[in-house]
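Participant: Sequence:
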Amino acid sequence: MITFSYVDPGLGLLAWQAAVAFVVGLLFYLKKTRAWITQFFRRVFRAGKRAEPGPAEYSPSAHDVMRR
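Going by my numbering, the sequence shown opens with residue 1, and the numbers climb by one from there.
Quick caveat, the hints were computed from the structure, so don't treat them as lab data.
Just to be clear, a hint being listed does not mean it is correct.
[Unchecked claim] Below 25 Å or equal to it, Euclidean Cα-Cα: the simulated SDA-like pairs (lysine to any residue) are:
#1 K32 <-> L11
#2 K31 <-> V44
#3 K32 <-> F22
#4 K31 <-> A21
#5 K32 <-> V20
#6 K31 <-> W16
#7 K32 <-> R42
#8 K31 <-> Q17
#9 K31 <-> R42
#10 K31 <-> A19
#11 K31 <-> F41
#12 K32 <-> F45
#13 K32 <-> R46
#14 K31 <-> A18
#15 K31 <-> P9
#16 K31 <-> R46
#17 K32 <-> G12
#18 K31 <-> V20
#19 K32 <-> R43
#20 K32 <-> Q17
#21 K31 <-> R43
#22 K32 <-> A21
#23 K32 <-> V44
[What the hints assert, rightly or not] Derived DEER-like restraints, expressed as beta-carbon distance ranges:
#24 R42 <-> V20: 29 to 39 Å
#25 L30 <-> D8: 27 to 37 Å
#26 W36 <-> T3: 47 to 57 Å
#27 K31 <-> M1: 49 to 59 Å
#28 F41 <-> F4: 33 to 43 Å
#29 Y6 <-> R43: 33 to 43 Å
#30 Q39 <-> A19: 42 to 52 Å
#31 L14 <-> I37: 50 to 60 Å
All C-beta atoms in this analysis are idealised placements derived from N, C-alpha and C, irrespective of residue type, glycine included.
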């Protein structure tokens, strides 16, 4: 018995499009995840160090200057 199979010519283009979309999406996801993780750890480790600004770190705002 002879069987003939047909592969749509647009299937290759669709496969390339899916592969490129997957790679770009993965890069975007990893970048956002990495940024979220680094921000989280910076907040966690910075919280204990700076509870209040010291005298050398204080800079008066425009509102403070106008009140004097």
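Participant: Are the hints correct? Go through all of them and say.
Facilitator: Each hint tested on the structure:
Proximity of K32 to L11 is assessed by CA-CA distance (about 31 Å); at most 25 Å being required, the pair is judged violated. Under the criterion of a C-alpha separation no larger than 25 Å, the hint pairing K31 with V44 is consistent with the structure, at around 20 Å. Distance restraint check for K32 and F22: the Cα-Cα separation of roughly 15 Å lies within the 25 Å cut-off, and the hinted pair is therefore satisfied. Taking the CA atoms of K31 and A21, the gap is about 15 Å. The hint holds against a cut of 25 Å.
The hinted pair formed by K32 and V20 meets the criterion: a straight-line CA distance of about 18 Å does not exceed 25 Å. Restraint check for K31 and W16: satisfied, since their Cα atoms lie roughly 23 Å apart, inside the 25 Å limit. A threshold of 25 Å between alpha carbons decides the hint, and for K32 with R42 the separation of about 15 Å falls inside it, so the pair holds. Proposed proximity of K31 and Q17 is supported: the alpha carbons are some 21 Å apart, at most 25 Å.
Of the supplied pair hints, the one linking K31 and R42 holds, its CA atoms being roughly 16 Å apart against a limit of 25 Å. The straight-line distance between the Cα atoms of K31 and A19 is roughly 18 Å, inside the 25 Å bound, and the hint therefore holds. Restraint check: the Cα-Cα separation between K31 and F41 comes to about 16 Å, which is no more than 25 Å; the hinted pair holds. Distance check on the hinted pair: K32 and F45 sit about 20 Å apart at the alpha-carbon level, within 25 Å; holds.
For the proposed pair K32 and R46, the alpha carbon gap of about 21 Å is at most 25 Å, so the pair holds. Only pairs whose Cα atoms come within 25 Å are accepted, and K31 paired with A18 is accepted, the gap being roughly 20 Å. Between K31 and P9 the CA atoms are separated by roughly 35 Å; this puts the pair beyond 25 Å, and the hint is violated. The straight-line distance between the Cα atoms of K31 and R46 is roughly 22 Å, inside the 25 Å bound, and the hint therefore holds.
Annotation: proposed proximity of K32 to G12 is violated, straight-line Cα distance about 30 Å (limit 25 Å). Restraint check: the Cα-Cα separation between K31 and V20 comes to about 17 Å, which is no more than 25 Å; the hinted pair holds. About 17 Å separates the Cα atoms of K32 and R43, which keeps this hinted pair within 25 Å; it holds. Simply put, K32 and Q17 have alpha-carbon atoms about 22 Å apart, close enough for the 25 Å limit, and the pair holds.
Annotation: proposed proximity of K31 to R43 holds, straight-line Cα distance about 18 Å (limit 25 Å). As the CA atoms of K32 and A21 are separated by approximately 16 Å, the hinted pair is consistent with the 25 Å bound. For the proposed pair K32 and V44, the alpha carbon gap of about 18 Å is at most 25 Å, so the pair holds. In this structure the supplied range 29 to 39 Å holds for R42 paired with V20, their Cβ-Cβ distance being about 33 Å.
Evaluation of the 27 to 37 Å hint for L30 and D8 yields a pass: the beta carbon distance comes to about 33 Å. Restraint check, W36 to T3: a C-beta distance of roughly 52 Å satisfies the suggested window 47 to 57 Å. The hint said 49 to 59 Å for the Cβ distance between K31 and M1, and at roughly 53 Å that hint holds. For F41 and F4, the hinted distance range of 33 to 43 Å is not satisfied, since their beta carbons lie about 60 Å from each other.
A hinted range of 33 to 43 Å for the beta carbons of Y6 and R43 is inconsistent with their spacing of about 57 Å. A hinted range of 42 to 52 Å is violated for the C-beta pair Q39 and A19, which are about 31 Å apart. Checked against the given bound of 50 to 60 Å, the beta carbons of L14 and I37, roughly 34 Å apart, lie outside it.
Hint violations for this structure: numbers 1, 15, 17, 28, 29, 30 and 31, all remaining hints satisfied.
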